[in-house]
Structure formats: structure tokens, C-alpha cells
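Protein chains: 2
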Amino acid sequence: MLFRGGRSMAKPRRKAGRPFGNTREETHGRLLDAACSCFAELGYSRASNKQIAETAGITSGSLYHYFGSKAELFGAVYGDVIERLLDAYRIAATEHETCIEQLCGGLERIIVLSREHPRLVEFAASAYYEIQRQSELNALLGEEHFQVFDLFRGLLEAGVERGEISAEVDLETAVNVIVACVSGLAIHRGRLESEEEFAAALRAFQCVLRGTLFARPRREAT
Amino acid sequence: MLFRGGRSMAKPRRKAGRPFGNTREETHGRLLDAACSCFAELGYSRASNKQIAETAGITSGSLYHYFGSKAELFGAVYGDVIERLLDAYRIAATEHETCIEQLCGGLERIIVLSREHPRLVEFAASAYYEIQRQSELNALLGEEHFQVFDLFRGLLEAGVERGEISAEVDLETAVNVIVACVSGLAIHRGRLESEEEFAAALRAFQCVLRGTLFARPRREAT
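Protein chains in written order, with our numbering: chain A, 1 to 222; chain B, 1001 to 1222.
Bear in mind the hints are in silico, worked out from the structure with no lab data behind them.
Here the structure is a predicted model, which is why all the values come from computation and not from measurement.
Ideal Cβ placement from N, Cα and C applies to all residues, glycine included.
Wrong hints could be hidden among the right ones.
Stated by the list, open to error - Example chain B residues on the side facing chain A (calculated, C-beta under 7 Å, incomplete):
#	residue
1	G1061
2	G1105
3	R1133
4	V1160
5	V1177
6	A1180
7	G1184
8	T1212
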């Protein structure tokens, strides 16, 4: 959930379950799913094109008809994954009126998305380090995470205009904190054993945002 | 801020500025500082023993009188860094009575620690991926992050006993969320340009914990 999205090379894509078929578009979709799982599980260096192709049910040779290199394939998965995650918040923003409800609505949509695509959140979380550490990825994707910041800045800026954000915190700092927390939750996914635990964590974070995690959020009298 | 600490091999250590000297203990301390910077900046694979030794002002040959391998050196830095970060919360826990104030006090102490040791938080944040991805580190340090969970579990468990935590959220989920958020903030450090921005982010997160980031944290009427 760390970064950028919407690379044109990631399209066409299907948002819900990709059918197992043999059209070019279907194979492209299966390759993205397979690569997402392999990169999330093994990391960029250890995931091989051969293994990704096998997971997608095609030969390594055929993979190169779709993507010129492992970096390009990673970039396509990245664009696809980030676009899906950002869409969760974009849709929630149209369904709710206040910042808190928009953020909580986005988190609820991510619970559903993660159930449908179990490795998606883990991939997004690991992508930050991969892009930082692998120069070929950095050259290709180093600037793309600004999209994530732009999305949350848009949500929070509208909240500032509606008087919803504390004057104690400036907009950019609020954006930083929300991005840091949702990134941390995404990274945490890999440590949890089930989607249920992840859903519970995202819901508890909603309590944090609403100020209800702590039953008595008061300052000490001291 | 992700993991375990207190490896005995990391000791003896000095908590505040290490003097530039030539005793064995001083050189050991300089090596830990140098390795922390190099690992944080370059990652485990790209940081070389030669460069770490040079940064510490000794020869690569001498480094092996202190640490048998790069993995062992990484483990020593990791133990040292995590111990310092956990100490911030341990001390804050003795200074405040409620969970929120203990957490906020710990975050204030980490602001100070990060100013004194600019790469410390970045190292801690990147360690999670390094340990996951590098099998030699995983063998050495794969279980140590439980210390971080134990610390926050202890703080929050006492809060549950005092009736401070919402009954909506079970203890383990609350621990997961706090660890995820502070980890996310640590990871975010690398993206910020200054310690001031990091301090602002940690203070804004304190507002989130207190339920004051959003001026009107109410549910919608719908």
C-alpha cells in the first residue's frame, strides 16, 4: 500500500477474479497474479521469470511476449496493485462525507480486496524496499509512490476545508502520518496468519482514527 | 522499530554519543555506529565490511577481531538499536500512568533518540525486510522481533486491566495495530527530509492516539 499506480502497461486488467483462459488478455492477467504472488513470497531477486511463468501456466519463452524483462513485469504488477488499493479509497470517498468515514470505508474495501487477492497487500508492502534497493526498479518506479500521497492529500485537504482536521497538525504532516500507518498495516499483513487477523487489525485502526481505541483518551492530571 | 533486541554480543555499549577513542570498547561502539549507517543507507547486501571498517576508522582486517561475519555485525547492530528503541518506551512507562501517555512519552523519547542517531530509526525499519530476505540473517535473528510485540503487549495489557482499552478490540489486535503503526512511522523516516518532519509526524501520531487529529470524530448520521 506504499506507492504509485496506474501504469498504462498494466492495462488491460480485470479487477475481479481473472478467468483461466487463453486469450492474450487472460494470460496477461494470470501473469500479473502469478508475479504478484511470487514477488510477495520470494522477493524480487529470488523470484524467477521461469517460476512466474510456470505459476501462470505458460512457458518462460511465452512470458517475453508479454513483458520484456522482470523489472517491466514488476512494474506492471505494481501499477495494477496500487491502482486497486487506491480505488478502494477513491470509491469510499464517493460514499462518505467525512474524512474519517472515507478512510474507514477505504479500509473496509481493502479488507474485501485482500480476501479476494491474498498476496496483493503483501506485494504492495514489500514493493517499497524492492524499489529502494534494486536500481533497475528504482529507475523505472522511483517516483511513482507520489500517487499514494496525492490520494490521501486530496482526502485530507477536503477535510481541512470542512474543518475536520485539528489545527495542531498541518496538512502535509497529517498526510505523512496516514500514509505511514496504512503502510505499516500493509507491511504487518505478512506477519499475520489469516485474513481474519488482518481484517481485525484494519478495524482496530478504524477505532484509532475515530479516537475510540482507548476508552479514556484523556490527558493525565499531572 | 520493528524488532528484537538485547543480544548479549551487542554489549558492552554506550547509550549516548560514543567517544572517538582506541580502547576495545570504544572501537566496538564506533563499529556499531558505522555499520548502522552503512546498512541503513545501502542495505545489507551492498554494505561491505570494508566500507563499514573505513567509516569506523579501522582496517577491514581489524573488524574481524570484533565480529566474525557481516551477519554477526548486523545482529549486534540490530540488538543495540532495538534495545535503545524499546528503552524509550520502557522509561516512558515508568514516567506516565495511562497507556496513551506511556505511548506518547515513548514517541517523544524516540524523537530525541533519532536526533542523536539519525540513521537508527531507518536501520530498524529496514531490518524487517533484510531479516526476511537474507537467509543468513533470518537464521540468526528470525525470532527476535517478538521482543517488540512483548513490550507493547505488556503496556497494553496493563491498560486493559485499568479499563483503558475499548472492549471492541482484543488485546492481541491492539498490539498488532500499535506495532504496525510505529513500524510504519519508522519506515516513513527514510522518506522525510529532516528530523523536524519526523518529529512532527510522531507528534501528529500522538494526536491520532489521543483521538484529536480529527476535530470532529463523529459517526455520520446516515
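Outcome of the hint check:
Checking G1061/B against chain A by beta carbon gives a least distance of about 28 Å; that is not within 7 Å, so the hint is violated. A hinted interface residue such as G1105/B counts as satisfied when its beta carbon comes closer than 7 Å to some beta carbon of chain A; here the least separation is about 10 Å, so the hint is violated. The criterion of a C-beta within 7 Å of any C-beta in chain A is met by R1133/B, whose closest approach is roughly 5 Å, and the hint holds. Taken as an interface hint, V1160/B does not check out: its beta carbon lies about 10 Å from the nearest beta carbon of chain A, beyond 7 Å.
Because the closest C-beta pair between V1177/B and chain A is about 4 Å apart, less than 7 Å, the hint holds. Annotation: A1180/B was flagged as interfacial toward chain A, and the flag holds, the nearest CB pair being 4 Å apart, inside 7 Å. The beta carbon of G1184/B comes within 2 Å of a beta carbon in chain A, closer than 7 Å, and the hint placing it at the interface holds. Against a cut-off of 7 Å between C-beta atoms, the interface hint on T1212/B holds, since the closest Cβ of chain A lies about 5 Å away.
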